[in-house]
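If you read the sequences in order, they're chains A and B. Using this note's numbering, the first residue of the first sequence is number 1, and each one after it goes up by one. Using this note's numbering, the first residue of the second sequence is number 1001, and each one after it goes up by one.
Please keep in mind that the hints were generated in silico from the structure rather than gathered at the bench. Note that the coordinates shown come from a computational prediction; the quantities given were computed from them, not determined experimentally. The C-beta atom is built at its ideal place from N, Cα and C for all residues, glycine as well. Relax, there's no trap hidden among the hints.
Which stretches of chain B does chain A cover? Using the computed rule of at least three CB atoms under 8 angstroms from a CB of chain A, they are:
1) 1006-1017
2) 1099-1112
3) 1246-1255
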Amino acid sequence: MIVARNLTRRFGDTLAVESLSLEIGKGEVFGLLGPNGAGKTTTVRMLTALIAPNAGEAWVAGHQVGKEDMAIRRAVGLLTESPGFYDNLSAAFNLRLYAELYDVPQPERQAEKYLRLLGLWARRKDPVATFSKGMKQKLAIARALLHEPQVVFLDEPTAGLDPEAARLVRDFIAGLRAEGRTLVLCSHNLDEVERLCDRMAVLKTRLLVVDTPTNLRRAFFGRRVVFHLTGEASRWLEALQGLDFVRESQAIADKLVLALDDPDAQNPRVVRRLVEAGAEIRFVGELRPSLEDVYLRLVRRTEENEA
Amino acid sequence: MNARKIRVILRKEWAEVFRHRVVLFTVIFLPLLMTALPLGTFYASSDWAGELPPEALACPAGLAGSECTVYFLLVQFLLMFMIMPLAIPSIFAAYSVVGEKTTHSLEPLLATPISTRDLLLGKGLAAVLPGLLATWAGFGLFVFGLWLKPELRFVAAMALEPTWLLAVFLLGALMAVLSVLVSLMVSSRVNDPRAAEQLSMVVILPLLALVFAQIGGWITIDRSLVLWASLALLGLDFVLLWLAEQVFEREAILTRWK
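Extracted from the complex, chain B is given alone in its bound form (with noise of 0.2 angstroms):
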């Protein structure tokens, strides 16, 4: 592995994308957005009392009545923060690959003394750091927001607690991790940039099942969760990276490309 050419490939892979200003908006615009909502949402409403539903009564120890609405709220918006550099990272990386294809700029890259893993490593960290610092930088502006007002600062400490912390600053980045290394490996399959941003959104479906899961009140996120599915995913997106490697093969993307 050769850190200075995956900080090569990362600098040229961010020179282009955030060259133009749409892509800029998608990386700031939904983070902006996803801490907006929640922030509103806690700002807005001061009277938590009411009917909860039945998922809200397996709160955390401690915690009754308006808290427990408090926080099965707050869960739902932290599980978007976990969300959130799925989306992002997914449709940089699936473009990365097959937009050079259409570019011809494929061949000479190939042709200099990177390895494959050395430029999957470049171009999937440049898909994933973006979204993953908007994502964090958007958590740390929802609890600076909650903590602001004196009455949502139990929220915020709520929010701070350590397994939701790893759930943000790992899961969520492992998860980041593992769709930008389906996206790359739908990348390098495809031949239209269209089809690899298409397919690399289905890799986000199964993730998703994640959060309705625990809507749907048939798991709950604790610390002992977060770090089995972390190692899990940890586990996971190693033998992703090997296999995006084997599915990269420079010759046939570089002889079936027309």
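So here's chain A without its partners, still in its complex pose (with noise of 0.2 angstroms):
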């Protein structure tokens, strides 16, 4: 549904983005991670035909970037960082305006459609500007609903919203997935990146890594075994020395914590040469390190290298 090759943006000497290559498959939900100014909200703004990227080429939906953009803006809906609503007008004006710039052809149905599954349809005739925050990012959604396009960017979704309202957010995002559209998350949320998207991608200028959350965590920390131990742990160090499928090991108060490639199978060994040794084992559990972590080493590690 969205290809991208070698996608570059400059603004005058500042690189935004540099050699973008991605590929996002129909019904995919993909998130763009990466610190500020690291060229997430760019790289929306080509794939949504409202810049032109300096390099490279892209399609969307099946449209060129730069040769179809007129078809893009019709097949794509976006969800800004900022709603930018008249707020003079009334949610339901705002809505209809919209849905008849993007051609809907029953524009106050639609909007209807939109306000009723929002929970905004009692509050339609008010003017936005009397709504709170997370009612404008739910009427924001909306307007990037409203022509029922295959493909929805959403930059930043639940910035600033009270949990309520982000959860409420989020529910229905994962409605959108449901129903197999194409959706591209930019967000620091990566709680919400992990529990919304099947892939994800890490950029800092350009391009770090793109993987699932779980391959990404693997790739990066292995899987981790936690031994829960009577007693002071390190103790128990040397002990597993001559095993070497143990890829790191950690000892932190009564806990010794293992990068093991294959737990199921490892496990056990681990256990029998402990218990050999004479330790008491309390309790064995899988340690998941956080999507956070994952994220913050691989932008460090880029920051040095780059250093």
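Since each chain sits alone in its own frame, please combine them into the complex, following the hints.
Here it is in structure tokens:
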């Protein structure tokens, strides 16, 4: 549904996006992560035909960026970073206006559909200025979907929302996923990306990595198993020497944390070795590093390499 | 060009602008004042004999004496009806793009499949039409007011001469379009609504020169001048529309505005 090849964009002397290549399949929910100024919004703007790339090519919903921009704008929905409504006008007026601009056949009915879906129907006649931040965000999501686009770009959909509103928006996005739409989600919320996205990319001017959250976690940390022991765990580190499959070991108070490639097969051997050495094992469990750990490790490593 | 989308933009602009009573007041008050002022002058004065300014000597054929004085006075007032549609729309247009920059509503709008030309035409027409319609209504009231007083009916007849009808309805409209297009260009390039309004007012100055040239007697507004000026302005308006499209750089507007 989205193909980008070596997309590059400069603003004067500043390189915003460098040689970005990626493919996003139909119905996929794709997360775009990166620190502030990493080029996420620029990437979205290029893929929604709002700005042109300086180099490279991209196709969105079968239309080429730069050559079929109008067709791309018809095919995609965009939730911008800032809702940007006509605040003095009513919610219904705002949505009808956009429905007409997107050539929706029955603008009134379509506006009604999304106002009801997002729980804003009762407030349809109220000026948007009177809406809370969460309501504005829901209205912006409605606007992005009015023309039933197959590809939807969501730039920071839950930024600044209270937990309840954020959850509502996330549930709605999950619903879109169930409808088979292709979603590109820009976010700083790693938990959100993990919950919603099939794959994610980390961007820092150039693409650092693309994979599923699970694979990234494994690639960066392997699988980690934590052995809860009785007493100080560091005493037993020596006992693990000779077990070549232990990629990394760390003792934290009464816990031993080991990086293993295949815990199912390797755990019994570790347990046996520890018991033979006299350790008392109280509990064994898998440690899941957070996506935040993966992200921070990746970004720091890139910064170190650049330095 | 997509007429439906132009209408959508126009409707949006009006819905936004006319929600503010002050704006409504501006659109209605200025033409009313400009109508009441000359009418009051004509109603208040009955004796037109007096010393004529030298410019008035260039009276149309068949007019002499007090009729010439009346004609001179009428011309000055009719010129006001040509300037009026310049002032009102330029303020609207000046705010229309930069205003959307400040409220961040431009990005979602530009993400829709609307061409720059349709967007500018929608915004331009939304700015031109209220001032123009208010001015024409004011002109109609003025002529009707003159016609109501039997001794002023000859003045109404003068105002309805084809030269002045062309000047008010055609030349005035073309000048209004010109001022709006310049204001839209300014609005596309600046980042501050106040700067846009002030710069846009500058465009009126060269057009005011026409009025002062007439008052000063350097030019005489006749049918051929109105027609030639209209033709020139029509061409200029098309050039400015093209230029406004070029100046409206979607990318720069999105990326330079924070």
